[in-house]
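Protein sequence lines, in the order shown, are assigned to chains A and B.
This note's numbering puts the first residue of the first sequence at 5, with every later residue one more than the last.
This note's numbering puts the first residue of the second sequence at 355, with every later residue one more than the last.
Keep in mind the hints are simulated off the structure, nothing from the lab.
Heads up, incomplete: computed chain B residues facing chain A, CB under 10 Å, no partners named:
no.: 1; residue: Val403
no.: 2; residue: Ala422
no.: 3; residue: Ala437
no.: 4; residue: Val442
no.: 5; residue: Gly481
no.: 6; residue: Glu484
Below, in silico cross-link-like pairs of lysine-lysine (DSS-like), each with a Cα-Cα straight-line distance of 27 Å or less:
no.: 7; chain 1: A; residue 1: Lys193; chain 2: B; residue 2: Lys452
no.: 8; chain 1: A; residue 1: Lys189; chain 2: B; residue 2: Lys452
no.: 9; chain 1: B; residue 1: Lys452; chain 2: A; residue 2: Lys199
no.: 10; chain 1: B; residue 1: Lys447; chain 2: A; residue 2: Lys199
no.: 11; chain 1: B; residue 1: Lys447; chain 2: A; residue 2: Lys193
no.: 12; chain 1: A; residue 1: Lys189; chain 2: B; residue 2: Lys447
Predicted model only: the values in this text are computed from it and were never measured.
Idealized CB from N, CA, C, for every residue including glycine.
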Amino acid sequence: MGKRVGMEVAIAASEAVALCNIDVAAVYPITPQSHMAEHLADIIHDGRIDAEFITVESEHSSISACAGASATGARVYTATSSQGLMYMHEILPIVSAMRLPVVMGNANRAVSGPLNIWNDHTDIMPQRDSGWICMFAENGQEVVDMTIQSFKIAEHPDVMLPIVLNIDGFQLTHMIEPLEFPTQKEVNKFLPPRKPFASLHPDNPISMGCFNTPDIYAETMKAKDTALHNSKKTIVKIWKEWGKQFGRTYKPVETYRAKGADTLILTMGSMGETASIAVDELRKKGAAVGLVRLRLWRPFPLDELRAAIKGCKTLIVMDRAISFGGAGGPVGTEIKSLLYHDKGRPRIVDFIMGLGGRDVTVNDFIAMVERAKKKKDETYEYYGVRE
Amino acid sequence: MSTVQNFEIYVPKLLDKREFFSAGHRACQGCGEVLALRLIMKALGDDVVISNATGCMEIISSAYPQTAWEVPYIHVAFENAGAVGSGVEAALKALRRKGRIADRYVKSVAIAGDGGTVDIGLQALSGAMERGHDMVFFCLDNEAYMNTGIQRSSATPFMAATTTSPAGKAIKGQRTGKKNVPEIMVAHNVPYVATACPSYPIDLVNKVKKAKEVKGPAYVHVFSMCPTGWRSASEQTIKLGRLVVETGIFPLYEVENGKYRMTMEIPKKLRPVEDYLKLQGRFRHLNADDIEKVQALVNKEWRKLMNKVACMKPW
Numbered sequence: 005m006g007k008r009v010g011m012e013v014a015i016a017a018s019e020a021v022a023l024c025n026i027d028v029a030a031v032y033p034i035t036p037q038s039h040m041a042e043h044l045a046d047i048i049h050d051g052r053i054d055a056e057f058i059t060v061e062s063e064h065s066s067i068s069a070c071a072g073a074s075a076t077g078a079r080v081y082t083a084t085s086s087q088g089l090m091y092m093h094e095i096l097p098i099v100s101a102m103r104l105p106v107v108m109g110n111a112n113r114a115v116s117g118p119l120n121i122w123n124d125h126t127d128i129m130p131q132r133d134s135g136w137i138c139m140f141a142e143n144g145q146e147v148v149d150m151t152i153q154s155f156k157i158a159e160h161p162d163v164m165l166p167i168v169l170n171i172d173g174f175q176l177t178h179m180i181e182p183l184e185f186p187t188q189k190e191v192n193k194f195l196p197p198r199k200p201f202a203s204l205h206p207d208n209p210i211s212m213g214c215f216n217t218p219d220i221y222a223e224t225m226k227a228k229d230t231a232l233h234n235s236k237k238t239i240v241k242i243w244k245e246w247g248k249q250f251g252r253t254y255k256p257v258e259t260y261r262a263k264g265a266d267t268l269i270l271t272m273g274s275m276g277e278t279a280s281i282a283v284d285e286l287r288k289k290g291a292a293v294g295l296v297r298l299r300l301w302r303p304f305p306l307d308e309l310r311a312a313i314k315g316c317k318t319l320i321v322m323d324r325a326i327s328f329g330g331a332g333g334p335v336g337t338e339i340k341s342l343l344y345h346d347k348g349r350p351r352i353v354d355f356i357m358g359l360g361g362r363d364v365t366v367n368d369f370i371a372m373v374e375r376a377k378k379k380k381d382e383t384y385e386y387y388g389v390r391e
Numbered sequence: 355m356s357t358v359q360n361f362e363i364y365v366p367k368l369l370d371k372r373e374f375f376s377a378g379h380r381a382c383q384g385c386g387e388v389l390a391l392r393l394i395m396k397a398l399g400d401d402v403v404i405s406n407a408t409g410c411m412e413i414i415s416s417a418y419p420q421t422a423w424e425v426p427y428i429h430v431a432f433e434n435a436g437a438v439g440s441g442v443e444a445a446l447k448a449l450r451r452k453g454r455i456a457d458r459y460v461k462s463v464a465i466a467g468d469g470g471t472v473d474i475g476l477q478a479l480s481g482a483m484e485r486g487h488d489m490v491f492f493c494l495d496n497e498a499y500m501n502t503g504i505q506r507s508s509a510t511p512f513m514a515a516t517t518t519s520p521a522g523k524a525i526k527g528q529r530t531g532k533k534n535v536p537e538i539m540v541a542h543n544v545p546y547v548a549t550a551c552p553s554y555p556i557d558l559v560n561k562v563k564k565a566k567e568v569k570g571p572a573y574v575h576v577f578s579m580c581p582t583g584w585r586s587a588s589e590q591t592i593k594l595g596r597l598v599v600e601t602g603i604f605p606l607y608e609v610e611n612g613k614y615r616m617t618m619e620i621p622k623k624l625r626p627v628e629d630y631l632k633l634q635g636r637f638r639h640l641n642a643d644d645i646e647k648v649q650a651l652v653n654k655e656w657r658k659l660m661n662k663v664a665c666m667k668p669w
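Construct all of the structure, not just a fragment, from the sequences and the given hints.
This is how it looks when you write it as structure tokens:
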């Protein structure tokens with residue numbers, strides 16, 4: 005393991021990408037991802053890694069160029085945010101259907117309109133059904149580790165799926181944190197060069213992206229769904245391997261003081277750190293409150309979630325997006341649905357909060373725990389929003 | 355791999371015997387576009403990777419589990435052939451440099467119809483050409499969205515009837531002239547830009563070979579006759595391709611480093627546009643005045659081109 009350094013997380017994300025010895029990056033700048041794009045350009049233009057940097061004219065073209073490069077056998081990276089991710093939307097399910105192991109960093113930001121450059125999860129949630137592996141990092145160290153892990157997971161012959169790593173915009177991308185980087189030698193050992201199952205080259209001509217008639221389309225969709233579900237096994241295996249080599253083990257569902265808790269807060273991404281402080285405060289006062297954090301969103305880690313919330317009476321879901329006119333936040337709605345048949349399942353309280361960069365403080369978490377106690381039904385509720 | 359019958363008699367030593375775009379595809383009878391594609395593939399040879407936009411040529415060639423492509427081929431979406439081809443080119447370059455693929459030159463080639471080039475694909479094309487990728491982009495222009503049922507594009511000619519520019523009582527077909535994308539490509543400083551037509555096969559093949567030789571971006575705009583969309587007889591396909599050139603409606607030229615050059619002999623007097631228009635149902639509604647308007651537009655565009663040919667020096 006290399007030495008500990010202080011570094012902005014966006015910069016660190018690109019340093020981690022450089023350690024992975026990528027072949028092609030295609031990136032279009034957008035706030036708050038721009039430091040990632042700029043630093044990757046610095047690395048490649050300084051010749052620190054041997055890679056092609058495509059300065060595409062849009063995000064639609066960045067993901068399209070990634071598809072072309074990945075299909076040709078290259079290790080490929082892109083990064084985006086918000087409107088950029090929305091602009092990529094059309095191509096995302098094509099990349100996963102072609103089983104192309106593209107890795108993408110997404111600096112989570114609110115979606116227009118009105119325009120808002122600050123953090124929430126309204127950009128990634130509309131991409132939920134694109135067939136990508138979807139993960140959330142909580143802090144800078146996780147961003148570094150998960151970026152490197154992502155290439156290994158995505159390219160694994162049992163997976164061959166694209167991965168989007170969510171990094172909360174500003175709240176995480178622009179933090180300066182103490183970070184440990186593995187050495188190049190260590191990364192090379194963990195992540196050898198990509199060996200594609202098939203690629204575009206005249207030595208072995210293949211056709212990719214042939215269209216499907218009603219005779220076969222449904223089978224293709226089922227195969228993709230199965231592949232995504234099956235990927236969890238390999239994800240967990242590679243996280244364990246990482247733990248053995250680097251001493252930090254990752255799990256699909258992380259918990260903090262969850263043992264014996266009757267109330268659990270469920271978060272995704274960077275707000276878990278603030279929530280853990282709230283848990284400490286509440287525990288000090290004698291309340292049996294704990295924290296559950298989803299690291300993996302797709303494939304959904306249902307078994308791990310069940311184990312983590314066993315015995316708890318109230319599960320408070322923190323949703324940073326909303327399905328307008330629907331059943332609530334995407335995370336709360338999905339968990340309610342998945343646990344519907346579970347006997348003795350907790351009462352699920354779904355709060356929509358932290359939209360468009362609205363701060364969620366330790367006191368806010370404590371207030372939501374208090375509010376959840378009084379709430380009678382399981383309908384969703386906005387927290388901290390003026391009428 | 356299928357081969358041309360009686361090849362030795364017809365085209366000795368001019369074309370590759372092999373078919374890289376094989377028979378058995380689903381193109382319409384008399385399709386000029388698929389003829390252009392077949393010739394392009396012969397001229398390119400086998401050291402290529404094709405990025406194809408959604409459209410007629412994609413749909414007729416790649417119904418899973420079949421494929422007409424004998425060379426590596428990828429189709430991603432409608433508007434992004436330029437971007438996908440950019441990625442392919444970057445990957446070929448990087449992987450060759452790093453010793454992960456065979457150490458020989460393989461060309462990235464993007465192919466799109468007129469919609470996938472001049473309308474929805476224009477941004478990705480512009481980006482790919484501006485960034486200077488070592489790739490050729492072919493626009494196979496049949497002058498409307500034929501695959502979706504003959505809707506107008508910005509490549510549809512003045513007054514042509516399509517399903518979204520119908521010959522109505524108030525508005526007689528397409529209201530504007532054709533967008534000049536070859537000129538837009540010249541403005542991108544693309545070192546080789548050409549127009550071609552499969553009715554002039556040797557001219558087409560020569561241009562494809564030239565475009566492939568360029569170490570950098572190249573653009574070839576190929577006129578592609580479409581009996582289905584133009585309401586013309588399928589046996590008139592080759593004739594229409596000749597008439598469109600002889601009338602000056604679609605002149606054959608190339609632009610090498612900014613220097614325009616007509617590649618076919620310039621006739622002393624152009625044929626009247628009516629000779630071309632009257633063979634197609636899409637122009638059936640035109641009266642003598644309308645034909646005069648079309649003729650005036652063609653004359654103007656021809657003069658513009660002749661001025662460029664006469665005046666422009668290479669960069």
